[in-house]
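K.L.:
This is what each chain is made of:
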Amino acid sequence: MEKKIRVLVAKPGLDGHDRGAKVVARALRDAGFEVIYTGLRQTPEQIAEAALQEDVNVVAMSILSGAHGHLFPKVVDLVRGNGMTDTLIIGGGVIPDGDIPALKEAGVAEVFTPGTPTSDVVNFIKENVKL
Amino acid sequence: MSTEKIQAELAKYEASVEKAVARFPERPHLPEQRLYTPLDIKGDDYADEISFPGVYPFTRGVQPTMYRGRFWTMRMYAGFSTAEESNKRYRMLIENGATGLSCAFDLPTQIGYDSTDPISEGEVGKVGVAIDSLADMETLFDQIDLGKVSTSMTINAPASVLLAMYIAVAEKQGVPADQLRGTIQNDILKEYAARGTYIFPPRPSMRLITNIFEYCSKNVPKWNTISISGYHIREAGSTAAQEIAFTIADGIAYCEAAIKAGLKIDDFAGRLSFFWNAHNNVLEEVAKFRASRRIWAKVMKERFHAEKDKSMMLRFHTQTAGSMLTAQQPNNNIVRVALQTAAAVMGGTQSLHTNSRDEALALPTQESVTIALRTQQIVAYESGLADVIDPLAGSYYVEAMTDKIEAEAWDYIKKIDDMGGAVAAIEKGYIQKEIQDSAYKWQMDVESGARTIVGVNKFQMENEEPPKDLLKVDEAVGERQKAKVNAMKEKRDNEAVKAALADLKKACQDENENLMPHILAAVKTYATLGEICNVMREVFGEYEAHVSL
Amino acid sequence: MDIAKELLKGNRLALSKAITAIENEYPEATEIMKEIYPHTGHAYVLGITGPPGAGKSTLTDKITRAYRAQGKTVGIVAVDPTSPFTGGAILGDRIRMNELTLDAGVFIRSMGTRGSLGGLSHKTADAVKAMDAFGKDIVIVETVGVGQSEVDIVKAADTTMVVLIPGMGDDIQAIKAGILEIGDLYCINKSDLDGADKLVREINMMLDLDSFMTDWRPPITKVIASQNEGIEDLIGTVEKHRAYIEGNGELTRRRTKRTRDEMLDILNSGINNFVKGQIVDSGRLDEYVEKIRAHDTDPYTVVGGLMDEMLKK
Chain A
1 MEKKIRVLVA KPGLDGHDRG AKVVARALRD AGFEVIYTGL RQTPEQIAEA ALQEDVNVVA
61 MSILSGAHGH LFPKVVDLVR GNGMTDTLII GGGVIPDGDI PALKEAGVAE VFTPGTPTSD
121 VVNFIKENVK L
Chain B
132 MSTEKIQAEL AKYEASVEKA VARFPERPHL PEQRLYTPLD IKGDDYADEI SFPGVYPFTR
192 GVQPTMYRGR FWTMRMYAGF STAEESNKRY RMLIENGATG LSCAFDLPTQ IGYDSTDPIS
252 EGEVGKVGVA IDSLADMETL FDQIDLGKVS TSMTINAPAS VLLAMYIAVA EKQGVPADQL
312 RGTIQNDILK EYAARGTYIF PPRPSMRLIT NIFEYCSKNV PKWNTISISG YHIREAGSTA
372 AQEIAFTIAD GIAYCEAAIK AGLKIDDFAG RLSFFWNAHN NVLEEVAKFR ASRRIWAKVM
432 KERFHAEKDK SMMLRFHTQT AGSMLTAQQP NNNIVRVALQ TAAAVMGGTQ SLHTNSRDEA
492 LALPTQESVT IALRTQQIVA YESGLADVID PLAGSYYVEA MTDKIEAEAW DYIKKIDDMG
552 GAVAAIEKGY IQKEIQDSAY KWQMDVESGA RTIVGVNKFQ MENEEPPKDL LKVDEAVGER
612 QKAKVNAMKE KRDNEAVKAA LADLKKACQD ENENLMPHIL AAVKTYATLG EICNVMREVF
672 GEYEAHVSL
Chain C
681 MDIAKELLKG NRLALSKAIT AIENEYPEAT EIMKEIYPHT GHAYVLGITG PPGAGKSTLT
741 DKITRAYRAQ GKTVGIVAVD PTSPFTGGAI LGDRIRMNEL TLDAGVFIRS MGTRGSLGGL
801 SHKTADAVKA MDAFGKDIVI VETVGVGQSE VDIVKAADTT MVVLIPGMGD DIQAIKAGIL
861 EIGDLYCINK SDLDGADKLV REINMMLDLD SFMTDWRPPI TKVIASQNEG IEDLIGTVEK
921 HRAYIEGNGE LTRRRTKRTR DEMLDILNSG INNFVKGQIV DSGRLDEYVE KIRAHDTDPY
981 TVVGGLMDEM LKK
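Protein chains in written order, with the numbering used here: chain A, 1 to 131; chain B, 132 to 680; chain C, 681 to 993.
Treat the hints as calculated values from the structure; they're not laboratory data. None of the values given here were measured: they were computed from a predicted structure. Where a beta carbon is used, it is the ideal one built from N, C-alpha and C, also for glycine.
Straight-line distance between alpha carbons at most 27 Å, and here's what the computed BS3-like set of lysine-lysine pairs gives:
1. C:K878 - B:K546
2. C:K956 - A:K4
3. B:K572 - A:K4
4. A:K4 - C:K835
5. B:K603 - A:K74
6. B:K546 - B:K391
7. A:K3 - C:K714
8. C:K685 - A:K4
9. A:K74 - B:K613
10. B:K545 - C:K878
11. B:K559 - C:K878
12. A:K4 - C:K714
13. B:K603 - A:K104
14. C:K835 - A:K3
15. B:K655 - B:K620
16. A:K3 - C:K956
17. C:K685 - A:K3
So the derived label-pair ranges between C-beta atoms look like this:
18. C:S949 - B:M592: 54 to 64 Å
19. B:D568 - C:M848: 15 to 25 Å
20. C:L947 - A:L131: 21 to 31 Å
21. B:F155 - C:G847: 49 to 59 Å
22. B:D624 - C:K878: 52 to 62 Å
23. B:D568 - C:D872: 23 to 33 Å
24. A:R80 - B:S579: 33 to 43 Å
25. B:D440 - A:E45: 48 to 58 Å
26. B:N617 - A:E45: 17 to 27 Å
27. B:D518 - A:A106: 53 to 63 Å
Work the whole structure out from these sequences, hints included.
P.N.:
The structure is reproduced here in structure tokens:
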């Protein structure tokens with residue numbers, strides 16, 4: 001048996017800032033994960049469907065445009081609605097502290113804000129992923 | 132002192148350093164060369180390479196007197212929510228002494244979607260103001276005299292449409308187009324390479340850009356038709372040399388496209404402007420600004436055979452580095468921004484936006500914006516940095532660094548030439564890959580501690596209080612804006628809209644037609660941005676990104 | 681969830697889970713394969729290979745759209761290399777196929793090569809079967825053609841297409857040696873670039889030298905995938921090849937050979953598992969080695985005994 005952690009790294013919405021998403025994608029690869037990168041401007045529906053087809057263990061999203069309050073919960077609902085109950089869903093970007101409780105309430109397991117070392121993301125996934 | 136004498140003295144110094152280092156080891160992760168001497172710049176011919184301000188190759192600045200005549204334009208980038216809200220912020224900035232406006236548009240506007248489009252859900256009014264039609268543009272500049280203010284608009288893929296709206300608003304105010312001053316960013320190549328708000332594929336995008344060059348050279352002669360931007364390339368993680376190299380390569384591509392479209396270099400080159408990042412390393416940044424002016428002057432003279440001095444001058448706007456703001460201990464950002472401001476001023480910028488301390492967390496509050504503007508005013512009026520022209524010239528280090536960055540940039544430009552130019556290099560993913568590699572290296576250096584960011588990987592504070600009073604964009608903005616668009620559509624003459632859009636479509640299909648007059652006509656019927664862009668999408672198609680990790 | 685049953689009912693998550701089981705070599709994978717095997721054999725398998733940067737994903741995207749326009753359903757298995765240093769991988773093929781994601785008639789799965797080179801072709805073949813049993817009309821296997829393992833993967837295809845681009849310089853020599861001979865079809869992508877005609881000539885020259893040539897001479901089609909140019913022609917050559925090998929029995933021969941290879945593969949891996957589990961991991965190997973070294977016995981006798989033991993199981 002050769003289990004590998006599979007992570008979908010996605011940019012929901014119209015935001016074009018993908019420096020963070022790409023750096024995280026590479027760091028996850030270097031941590032030995034299989035990373036499926038979707039590129040820019042993905043709708044929540046596309047993200048959830050890609051997560052399903054790829055049977056990922058983790059969906060990692062990045063938003064810097066302020067649309068996180070709308071888009072993150074929508075992705076959570078769609079992923080869960082597809083029957084993927086164990087998938088770990090995390091987010092990152094320019095996200096004010098005040099918004100984080102609501103996102104967690106909506107099912108986002110953790111929110112990573114600017115300045116987070118990529119190793120924190122790696123460790124969080126390793127500790128919380130269900131394989 | 133003769134070269135031999137300096138060499139001899141340097142050898143003595145090196146010997147003493149060896150002893151000193153044995154007793155007091157130097158800090159790790161420092162640049163290799165510890166000291167610069169006349170030996171490091173002996174290759175420079177002063178007249179050819181450095182020369183005087185306002186004189187080719189403009190290393191020391193583009194005007195003869197620089198800030199001794201007038202300070203740079205203090206231009207604060209702003210815009211959020213609806214046109215009404217942003218209009219209030221603009222008028223506040225003008226009252227506080229800002230000398231130019233800089234409009235931020237929300238993502239649907241930047242990508243040519245109406246607020247009513249399902250894809251805009253959650254994004255309306257978030258990173259800038261939502262503009263759906265001429266009606267919003269009229270509100271945005273209400274009580275602001277477009278004949279007096281100079282306006283910069285951060286708009287790229289649909290730049291032609293927003294410029295047309297601006298011209299139409301001015302016309303209503305009674306201001307003729309030839310009096311308008313300002314800039315549209317209009318730089319699509321860096322959108323493909325670094326910023327991500329593209330719509331159409333390269334070929335039609337380049338056509339739109341050259342159409343604007345041509346139209347403005349005849350009708351809006353004081354308008355800067357493009358702001359060729361390294362800012363976002365740097366934000367995406369590039370090095371200083373990559374920032375100017377990739378951007379100048381983009382600039383070359385625009386000139387080639389315009390020449391191919393039949394324009395003469397001296398007819399449009401004077402209205403090209405650049406946009407640089409002011410990053411943390413003050414002296415490296417000063418060297419970068421100086422090197423960029425020298426490279427561009429040489430490109431224009433040697434490659435494009437420009438004859439007018441104005442065509443060879445690299446004029447630039449600067450913004451302090453957003454990516455260097457930390458979410459941790461946000462007040463520290465005030466100091467970072469002050470240093471970045473110093474770099475931009477010593478580097479001879481023509482205009483400057485200073486970021487606010489809280490922008491790693493949210494859009495800035497009014498108070499933070501005021502501090503950022505005051506930072507510029509303190510540097511201008513109190514620091515003395517603006518009193519003498521190009522004050523760091525002649526520094527062994529800064530001159531050597533200017534040469535080094537120039538050489539590195541030329542290497543990249545040659546490489547990109549060999550690939551067939553910037554468009555080809557972007558289509559291959561080469562530029563994107565180089566930027567990503569630098570971004571990853573930066574992040575790994577921060578994580579390993581090779582690079583220190585105060586408050587992030589050193590001098591952290593336990594239990595830091597999250598900052599209060601962040602600006603929150605009202606979530607209901609989207610709904611309000613949608614209602615506004617729908618109401619506007621009921622009032623306008625829909626037959627006129629249809630006819631204008633049909634005319635625009637026909638114009639799009641004819642490659643020899645300049646699209647600007649057709650877009651202007653459509654805008655005046657209150658056709659929406661989304662409607663206009665959709666017509667162009669139909670004819671031009673959409674760009675598919677090249678991603679390589 | 682009963683993965684096999686749900687898969688056969690058309691449950692997309694079940695298909696996805698089945699491929700995970702295959703890929704991770706879960707014990708239940710064998711059971712799943714047994715149950716779905718009778719439902720395989722319907723899909724036509726197209727292998728697409730070529731060097732990095734040849735635009736294979738974009739081409740796969742356009743080919744898929746063309747098949748969809750004909751009303752056919754498509755499954756895609758996109759294989760990307762795993763880093764030998766970290767064991768991780770960036771699987772980036774989906775980026776070029778984002779618009780297909782929400783098409784219910786398309787299912788895309790990315791796989792990493794994961795170092796287990798021998799096992800990869802076997803896993804890919806099983807993933808293809810899962811998509812076949814799910815009901816896909818066409819299954820495309822897309823892989824970077826740089827090494828033997830990738831060549832093995834496309835051998836699982838009914839028709840193999842090799843994608844090249846002009847201006848690759850000396851690289852083409854190396855690629856020629858490796859993958860050129862496996863092409864049933866050649867596709868020159870980005871054919872608006874300089875050197876496209878030269879590349880066509882080079883491939884033709886190589887085909888002229890091919891002494892194994894049957895009466896099928898692989899056609900060379902020029903396309904510009906990013907602009908959707910030449911895709912119809914390209915699909916035409918796929919269909920032509922399909923008709924050709926269906927007509928002369930070659931398809932049956934190919935599939936028979938594949939079944940044979942697969943069976944030997946499964947058998948070999950069964951033996952390997954036995955050797956690893958019963959002999960190596962259990963510590964018996966070390967005991968035998970010790971005895972053989974002391975000349976208490978010899979390797980031939982030991983292996984003979986082990987073979988008997990294994991056969992009895």
